[in-house]
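Count along the sequence shown from 1, add 332, and you get the number used in this note's numbering.
If you are wondering where the hints come from, they were derived from the structure by calculation, not from laboratory data. Treat the hints loosely; a few may be bogus.
Simulated restraints, written as ranges between beta carbons of each label pair [said to hold, decoys possible]:
#1 Ser347 x Asp370: 18 to 24 Å
#2 Trp343 x Gly478: 40 to 46 Å
#3 Met348 x Ile387: 29 to 35 Å
#4 Gly409 x Thr388: 17 to 23 Å
#5 Glu428 x Leu407: 31 to 37 Å
#6 Pro406 x Ser347: 38 to 44 Å
#7 Gly389 x Gly488: 17 to 23 Å
#8 Gly488 x Arg390: 15 to 21 Å
#9 Glu424 x Lys393: 22 to 28 Å
#10 Arg373 x Glu445: 28 to 34 Å
#11 Gly478 x Glu428: 25 to 31 Å
Here the structure is a predicted model, which is why all the values come from computation and not from measurement. Built from N, CA and C at the ideal position, the CB exists for glycine as well.
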Amino acid sequence: AASSTRCCDAWQRASMDALAVQDMILKLFWHADRREWDELRKCFGHRLLADYSSITGRPAKEIDPADQIAMWKPLLGGFDATQHLLSAIRVESTEESATAYAQFQAQHTLGNEFWMLGGSYEFGLERVNHGWCVTRMVVTKLWELGDTSLPARVLGN
Numbered sequence: 333a334a335s336s337t338r339c340c341d342a343w344q345r346a347s348m349d350a351l352a353v354q355d356m357i358l359k360l361f362w363h364a365d366r367r368e369w370d371e372l373r374k375c376f377g378h379r380l381l382a383d384y385s386s387i388t389g390r391p392a393k394e395i396d397p398a399d400q401i402a403m404w405k406p407l408l409g410g411f412d413a414t415q416h417l418l419s420a421i422r423v424e425s426t427e428e429s430a431t432a433y434a435q436f437q438a439q440h441t442l443g444n445e446f447w448m449l450g451g452s453y454e455f456g457l458e459r460v461n462h463g464w465c466v467t468r469m470v471v472t473k474l475w476e477l478g479d480t481s482l483p484a485r486v487l488g489n
């Protein structure tokens, strides 16, 4: 009986961790799409490894999350609306860290124009006192539709 209790406890803990990790990732995009920058900052740890190389062609880099948000503000804020949809979220966790994988579609609109892309994300998270925080975001773009010049245009480039 003790063995089955330990198994059940471990399963419950893993399930609760998976739900908490999924919630944190969903919060991140919820706040980004609503331009809730202060709430968005709470989703990150002290440092962030950001890898958008499949979109930008620039290499991954470790940055202060405040710098990532400062880059997102004019980009996301330049669109009339953005909507980041995640699905098929899969979580692998230990006591201290987690890796989550998700499929995504990101829609960006400006007037009647749009830029949409899809692919997958890999997130790294660390356990902190209040739950989980995101420390790594790796995006793999699989496709895009619409006007691919819109990001540069909203940034004034």
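Worksheet item: Which of the listed hints are not met by the structure?
Response: 1, 11
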